[in-house]
Amino acid sequence: MDFFFDLFISGLTKGSIYALIALGYTMVYGIIALINFAHGEIYMIGAFTALIASMVLSQCGLAGWGLLVSVGLVAVVYAAMYGWTVEKIAYKPLRDASRLAPLISAIGMSIFLQNYVQLAQSPNFMVFPDIIPAIGFLEPVSHIVNKTQLAIWIITFLTMAILTFIIKRTRLGMAMRAVAQDKSMAMLSGVNINRIISTTFVIGSSLAAVGGLLIGCYMRQIDFYIGFLAGLKAFTAAVLGGIGSIPGAVLGAMVLGFAESFAAGYISSDYEDVVAFALLILILSVRPGGLLGSSQQQKV
Amino acid sequence: MRKVMTALAAMVLALGSGGLMAADQDTIKIGYGGALLGNLASYGLSGFYGMEYAVLQANAKGGVLGKQIEIVKEDDGCDPAMATNAANKLASGGIKVVNGHTCSGATRSALSVYGDNVLLISPSATEVSLTTDGAHPYFFRTTPRDDAQSALEVQLLKKNGYKKVAILHDKGDYGQALANLARAEIEADKASGLEIVLFDGITTGQVSFDSVISRLKNSGAEALLWGGYYSDASKMVIQMRNKKLEVVVIGADGLKNDGYLKMAGAAAEGTYATGQVDLTSNPLAQAAVEDHKKRYPTEEIGPYFLYSAGATEALLAAIEKAGGVSDLAAIKKHLHEDEVETVMGPVRFDERGDVIGAGFKMFVVKDGGYVEVEL
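Protein sequences appear in the order of chains A and B.
This note's numbering puts the first residue of the first sequence at 12, with every later residue one more than the last.
This note's numbering puts the first residue of the second sequence at 254, with every later residue one more than the last.
These aren't lab readings, by the way, just hints derived from the structure by calculation.
A virtual CB, placed ideally from N, CA and C, is assigned to each residue, including glycine.
Please note that a few of the clues may not be correct.
To be verified - Reference excerpt, derived from the structure (chain B facing chain A, CB under 8 Å, subset only): (1) T456; (2) V460; (3) S487.
Claimed, not checked - Keeping only pairs whose Cα atoms sit at most 30 Å apart, straight-line, the calculated BS3-like set for lysine-lysine is: (4) B/K619 to A/K158; (5) B/K614 to B/K515; (6) B/K586 to B/K282; (7) B/K586 to A/K158; (8) A/K158 to B/K470; (9) A/K158 to B/K282.
Let the sequences and hints guide you as you build the complete structure.
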């Protein structure tokens, strides 16, 4: 039972990280039907920014929760600027081009950002400081659930609650849903489409940066390549849950996290990815739109 | 104007090629292939510095056969695909002898390019079959083989009285081979009472290693034999200690690196790793280390410095006797037959191309440094 519980916890942690990244994929797809392959790189840039910010800010005398929150803010703002710029440079000029063009430009952006960080920062693994303060009541059980895992769950849950609130309850969210449904109709009703799309990128990138910060604290090492596998898995999660659907992305991420964790635990870590992707194929062959995806036909 | 430009360009070209031809005649070119960039660059650079030291020493004494030695280096990032490119570049550039490559996987793919046309001598490729499969007559190495490392690992398990052992590897050429060797060693030694409770490969670069660590915990293993490099191992050991899992980590020379100490920090304490025998008691080696400190005050000397310097010294001696680099068979013969005094002691190679006399020792991480353990 202990073993099951261990695997459950590791699945939940993995799933939470995937979910933070998957939300960015699914939001962007929902609004402009583009798979933003550079999203994994934004996550990586978030992690690097957090690393640099934590060094600078801890030199300035910040510590504890203050340090964590301010490092988080710096990483979010910086990654959001990257997300915003990537959209302006690589996707906006291609908005009316064929659907393949922005896809290629997304892949190009991803390779560019990876190489840029490799050259500008370091090709090596960098040590990430443990900036999550100790949580007193967790110490006796830290071998089961440690502070970083708890922080990952809480922060993921909070960001998702905020996101759901924004989308369901605010004017901005209403405008985003309108753009997702019908761009020209939204424009005719007075929605500033460019602003809404930019905002979507900014929100998605912020979530990815939070993911990058958390995974840095968790793995304690980052390099310029971490965005690739994490981005791929998160993209898989978004597709699994039904791309374009926000609850779907979270559900897909959790399913993927648990599948990987239990496969590695009960079968073999050799088969971790095999099981995860076999599950993806299985689910998509039964429900082509993903778990919560809309099966509604594309209007011609 | 265009004519002037063309004439100028022609002159530059002529000058350039003239210069190259002059260089061709005055120097003996020796290649270096290894990881000069990327994660494992500390290994590759260490080999390069060693080679550079040996070459500078030889050149200061007037070179070999009256010619200066010139190093042509190519980066392979320890990646088999990149190693093929690097090897092609070296071979097509007319290089006949190469020091390298750093990692076993990269060495294997480079060897398939070199064939019988280039002689390769590696200071660090430890994977067993590179020499034992007999497919590469022009391959030599100054490092001892991996099976010496797994034998030591099993010896340590027995000495410390561990019974339940987990073996994990990174599915790479080097790591998986080490894991298989250790498994074979344990299974052959029934009297030891050792039991393998887990044998598995992990995917490098995974978002977390939690589930495999849970499995490790569940298996009840007392010791973990790790087949792979230090970057994955350091992440795993941190997560293991976070989970209060006190399994002893035992690795090979892929783990005995200052990078591991830096990455894993306090979690690295108590990790065992095999590494090449300390050669620094040799006065020639001390002189080499001093020289390195003078030339590169900020660069780590790295684990393969002396092995690479020794390899190059043996190689240059053989080239001298063979009268140049054109006759590889003659160089090969001298490498096998003549004992050369080098920074790593007297060096000679057995019929498979393995160095005679070099060995491994077991080290343990104590107070942030590696300390030798007697077995």
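Hints the structure fails to honour: Going through the list in order, the structure violates hints 7 and 9 and respects the others.
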